[in-house]
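Could you build the full structure based on these sequences and the hints that come with them?
Protein chains: 2
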Amino acid sequence: MRLTRYFIPTVKEVPSEAECASHQLMIRAGMIRKVAAGVYDLLPLGLRAIRNVEQVVREEMNRAGGLETFLPSMIPAELWAETGRWQFYGKELLRIKDRHDHEFCYGPTHEEVMTDIVRREVKSYKQLPLTLYQIQTKFRDEIRPRFGMMRAREFMMKDAYSFHVDEDDAATGYERMFKAYEAVFKRAGLKFRAVEADTGNIGGNSSHEFMVLADTGEDTIVSCPACSYASNVEKADVPSPAPYAAATPDPMSEVATPEQRTIDEVSAFLKRPPDSFVKTLIYTLDGKEQVCVLVRGDHEVNEHKLKRILDATTLELAAPEAVQKISGAQPGFVGPQGLKVRILADQAVRGIANGVTGANRDGYHVIGVNEGRDFKVTAYHDLRNVKPGDRCPRCQKADLEFHKGIEVGHVFRLGMKYSKAMRAVYLDKNGKEQVIVMGTYGIGIGRVAAAAIEQSHDANGIIWPWGLAPFQIAVLPLNVAKPDIADAAAKVEEELETEGYTVLHDDRDERAGFKFNDADLVGYPIQVIVGDKGLKNGEVELKIRKTGERLNVKLADLKEKLRETAAMLAAG
Amino acid sequence: MRLTRYFIPTVKEVPSEAECASHQLMIRAGMIRKVAAGVYDLLPLGLRAIRNVEQVVREEMNRAGGLETFLPSMIPAELWAETGRWQFYGKELLRIKDRHDHEFCYGPTHEEVMTDIVRREVKSYKQLPLTLYQIQTKFRDEIRPRFGMMRAREFMMKDAYSFHVDEDDAATGYERMFKAYEAVFKRAGLKFRAVEADTGNIGGNSSHEFMVLADTGEDTIVSCPACSYASNVEKADVPSPAPYAAATPDPMSEVATPEQRTIDEVSAFLKRPPDSFVKTLIYTLDGKEQVCVLVRGDHEVNEHKLKRILDATTLELAAPEAVQKISGAQPGFVGPQGLKVRILADQAVRGIANGVTGANRDGYHVIGVNEGRDFKVTAYHDLRNVKPGDRCPRCQKADLEFHKGIEVGHVFRLGMKYSKAMRAVYLDKNGKEQVIVMGTYGIGIGRVAAAAIEQSHDANGIIWPWGLAPFQIAVLPLNVAKPDIADAAAKVEEELETEGYTVLHDDRDERAGFKFNDADLVGYPIQVIVGDKGLKNGEVELKIRKTGERLNVKLADLKEKLRETAAMLAAG
Chain A
6 MRLTRYFIPT
16 VKEVPSEAEC
26 ASHQLMIRAG
36 MIRKVAAGVY
46 DLLPLGLRAI
56 RNVEQVVREE
66 MNRAGGLETF
76 LPSMIPAELW
86 AETGRWQFYG
96 KELLRIKDRH
106 DHEFCYGPTH
116 EEVMTDIVRR
126 EVKSYKQLPL
136 TLYQIQTKFR
146 DEIRPRFGMM
156 RAREFMMKDA
166 YSFHVDEDDA
176 ATGYERMFKA
186 YEAVFKRAGL
196 KFRAVEADTG
206 NIGGNSSHEF
216 MVLADTGEDT
226 IVSCPACSYA
236 SNVEKADVPS
246 PAPYAAATPD
256 PMSEVATPEQ
266 RTIDEVSAFL
276 KRPPDSFVKT
286 LIYTLDGKEQ
296 VCVLVRGDHE
306 VNEHKLKRIL
316 DATTLELAAP
326 EAVQKISGAQ
336 PGFVGPQGLK
346 VRILADQAVR
356 GIANGVTGAN
366 RDGYHVIGVN
376 EGRDFKVTAY
386 HDLRNVKPGD
396 RCPRCQKADL
406 EFHKGIEVGH
416 VFRLGMKYSK
426 AMRAVYLDKN
436 GKEQVIVMGT
446 YGIGIGRVAA
456 AAIEQSHDAN
466 GIIWPWGLAP
476 FQIAVLPLNV
486 AKPDIADAAA
496 KVEEELETEG
506 YTVLHDDRDE
516 RAGFKFNDAD
526 LVGYPIQVIV
536 GDKGLKNGEV
546 ELKIRKTGER
556 LNVKLADLKE
566 KLRETAAMLA
576 AG
Chain B
6 MRLTRYFIPT
16 VKEVPSEAEC
26 ASHQLMIRAG
36 MIRKVAAGVY
46 DLLPLGLRAI
56 RNVEQVVREE
66 MNRAGGLETF
76 LPSMIPAELW
86 AETGRWQFYG
96 KELLRIKDRH
106 DHEFCYGPTH
116 EEVMTDIVRR
126 EVKSYKQLPL
136 TLYQIQTKFR
146 DEIRPRFGMM
156 RAREFMMKDA
166 YSFHVDEDDA
176 ATGYERMFKA
186 YEAVFKRAGL
196 KFRAVEADTG
206 NIGGNSSHEF
216 MVLADTGEDT
226 IVSCPACSYA
236 SNVEKADVPS
246 PAPYAAATPD
256 PMSEVATPEQ
266 RTIDEVSAFL
276 KRPPDSFVKT
286 LIYTLDGKEQ
296 VCVLVRGDHE
306 VNEHKLKRIL
316 DATTLELAAP
326 EAVQKISGAQ
336 PGFVGPQGLK
346 VRILADQAVR
356 GIANGVTGAN
366 RDGYHVIGVN
376 EGRDFKVTAY
386 HDLRNVKPGD
396 RCPRCQKADL
406 EFHKGIEVGH
416 VFRLGMKYSK
426 AMRAVYLDKN
436 GKEQVIVMGT
446 YGIGIGRVAA
456 AAIEQSHDAN
466 GIIWPWGLAP
476 FQIAVLPLNV
486 AKPDIADAAA
496 KVEEELETEG
506 YTVLHDDRDE
516 RAGFKFNDAD
526 LVGYPIQVIV
536 GDKGLKNGEV
546 ELKIRKTGER
556 LNVKLADLKE
566 KLRETAAMLA
576 AG
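The listed protein sequences derive, respectively, from chains A and B.
First residue of the first sequence? That's 6 in the working numbering, and the numbers climb one at a time after it.
First residue of the second sequence? That's 6 in the working numbering, and the numbers climb one at a time after it.
Please keep in mind that the hints were generated in silico from the structure rather than gathered at the bench.
The reader is advised that the hints may include incorrect statements.
What the simulated footprint calls covered on chain A by chain B, stretch by stretch (three residues with Cβ under 8 Å from a Cβ of chain B suffice, anywhere in the stretch; the number is not a length) [unchecked claim]:
1. 10 to 19
2. 101 to 115
3. 122 to 128
4. 144 to 158
5. 282 to 288
6. 303 to 314
7. 436 to 442
Every residue, glycine too, gets a C-beta built ideally from N, C-alpha and C.
Here's what the structure looks like:
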């Protein structure tokens, strides 16, 4: 492809709207343009990268027995009402009324639509297992879309759904999909890790996320250096703590802590360590009931765990007025003593002696607080986030390691959540009706491309993994005004395209430096530079973007050398 | 592909919801399922057919120099406001508010979004011409979606947009696109015709529609057997009629015509021929002004022509109350005499003598009506549809022929309609700012597949053109319980897939008749039937779906015979 017939509007300046490397570079390399918050045009180069991801995903899905479908983006409300998600999905669900005032949503995920197909068409165990997938545009009305393709509102996703006779077969299907995901991300040239994850809005029994490791990732994941345990912090278990040593309980007494609200402030003010504090939070559960949640002062509440334990559809920190009503104080001065609501506590709070907490009186805390004597806990659970220094909850042999990651895929064992609600059943060998067991499996196609850039770029631009590069090779004639250079470049372009490479020939009448900068920015894995000096010796220069390595290659040896180089780059 | 690992839920009964052959057959062949009015799931087989159309279109677009992009479906209202279409597009535009109450539409077409890209990124004549396209999901909120994929609300479309320095270059681009369209529909194996067409909601200077000829088509097209003229009836010109012979004007007089409203009723009642009538209609223009429109009693008003002449954004028959207010009578009894509104008349009304029309009094008509004496026309135009017996407006050498067609593509010369409104400009060779000239070009991907079925099916099912068939060859073992048959079928499947054919192997343990019916219904162009008797002679049976031809072929000759047959089918 000749650049003068193509369309790559590169940008020299770092766009002010872009907050992370992939967002900046996708704009600068002429891949995407913003249309509205979280809504982007894919320009030709951007689409090529996306299509490469798509193709790798499609091939691996097909290999794993998946059958491709294409479902509508407009989903009637009735289907979502059947599973209750129409009520509970919240504001991320874009709700739409058509000209006849019928309600629809722009599908953010398609469990209901796919289950509807299967309940209509599958009658017998003979038709199972069945794995259907699609690669399609989704919309999630994120409150704060950002980071370009990483957290867009409109985005392309591969979503697969598997249907099974029982949990055993569902486990086999999950395993097969898990392996297909590993193959996808490996072929995409990504460093990634599969971690245990929370099931969130989708629900189900268990799930794994596929995380691309990158410092700019929004997710924190932990892994154990001594065993295979790896988890999103949202999900990671905390082992039961050792019991507190016995201590002589002090009497409880009030101390004035004017304007000191946070643990850190009060800790500094009272000169008592944070781990002697009982952090007291009031949550509103499903918009009605208030519950009190306690964690130790040096710990953070894990709302994912809390939601799961409370079986909550929505859970949010209570409004100050509600806190005042329950405790008589403003947030920051609340303690569990005498509260007339359920009190859930993290297991580390059990047996805490002579602790500090809010006095339920504005401007005051209490010291000498003892669990059991001064407040009573309804139930103990693992309610906190893991933190550096925590042991692996599985093998308990080593401290957890922390990394940042970008979620690019998520696989779920759904059990019968959707099939029960929608009555997706089949007749077994004995003619008895059984509920279908399901799995669901997503990959953010655009996010894979963005994550590849986050993981692989430098100050000059993108460094595409071979498997995703929109063009694998750039042919760069140094001076197109000279016919011998232009002719040689055209010949190289044609030969390499015939060899099966995707080739971009920068035939613009521009300075060499300008072309080099553009080529580095766009990130073609290999550059073939055609210049006067080289041509005199029958040579071109080959530059490998990833290593910066340059070497002169005889035109006669070019194909052979590129085969080697391509194989090396493809291997990672 | 083995059918037991695939998903083709065929249906024996004709679905009651389906009104035309393609709709019925796409449901029965397990290609689509309805989710809501005009909103469909594409099941695996349906998607394969769609992807085949997509791929043919993509290849021809690329060959014509088009560059593929992918634009968002959610388009901010601001962009559409710039061209005025936000106000004027009407209820087919699905309007959506996001969580922040920002207004969007679900894009039914992308002129604004594409022009926005070009006005931001194109600065110089050196970057032109530029043709950008996409293959993407659109939504049009049809008031009465029907005929399945033919008139769906959510549908897949290829839309291309070309940008040029001037009208000459735009003409060249239009010509290139026109040829690409011919190549697409030819490769798809369709009988089609390109006709002149109205520009409708898109606007612009001129346009052609590509019509697949089928008796079930919703469009009527005319063509001249003596010259190359072909047009949609919406657009077809009517040659000026010969003037009426002079006649002695009778006095105008009222006659009672109780309950007789239509031309046919009054004609029969008064025993006067319809061509002596002046049909008088009151229209409301752009929601405010009323205009009176006259055509001869045996003619039909062409609202497309009327809209263009009046430069109307909206045009509808006036409500009975408005008609009453202007004429003093109900619709059906209105005449042009004494009306205080603009009167537009078809050219055939000029000089009409001793005609019949409404009396502007309920239950009465007038006879002896003479143009000039009894009513005055503001302006004459060509305002009617052509009808059988009309001469070709171009060569006037033959009568027009009428056909039914399905619109599968539409190409437009837009001129500067969008580029002027949105200020898409470039600097010419002299550094002077010029407005970009545009073209736009659409193909309904799903509709091509549906039109292919309308054109090519029989009582047993679909007869796929070779180029669109979801699988080209079905392998049908007569009895899979017999290992030699099952093995032979598996071997044939593998060999033909290796040869590059798409193959569906019906390995179900079902009766032969059941499999034959399914194969005919789904419409694989070639069936390879593997049975006991044939195998004994080292033979299989080959059936060609289109002709019903059957022949026995030695296994050793199968590849060669299929090559011939495929070549024949591919040639149409």
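When I compare C-beta atoms, does the segment 303 to 314 of chain A have three or more residues closer than 8 Å to chain B? Since 0 is below three, the answer is violated.
Do at least three Cβ atoms from the segment 144 to 158 of chain A come closer than 8 Å to Cβ atoms of chain B? holds (count 4)
According to a criterion of three or more residues whose C-beta lies within less than 8 Å of a C-beta of chain B, is the segment 101 to 115 of chain A covered? As far as the segment 101 to 115 of chain A goes, the hint holds, because 6 residues have Cβ atoms under 8 Å from chain B.
Given coverage of the segment 282 to 288 of chain A by chain B, checked by CB-CB distance under 8 Å (3 or more): That given contact is violated, which follows from only 0 residues of the segment 282 to 288 of chain A lying within Cβ reach (below 8 Å) of chain B.
Can you take a look at whether the segment 10 to 19 of chain A is actually covered by chain B? Rule is 3+ residues, C-beta closer than 8 Å. holds (count 4)
Taking a Cβ-to-Cβ distance below 8 Å as contact, does the segment 122 to 128 of chain A have at least three residues touching chain B? holds (count 3)
Coverage criterion applied to the segment 436 to 442 of chain A (partner chain B; beta-carbon cut 8 Å; 3 residues): n = 0 at 8 Å, threshold three: violated.
Hint compliance for this structure: hints 5, 6 and 7 are not met, and every other hint is.
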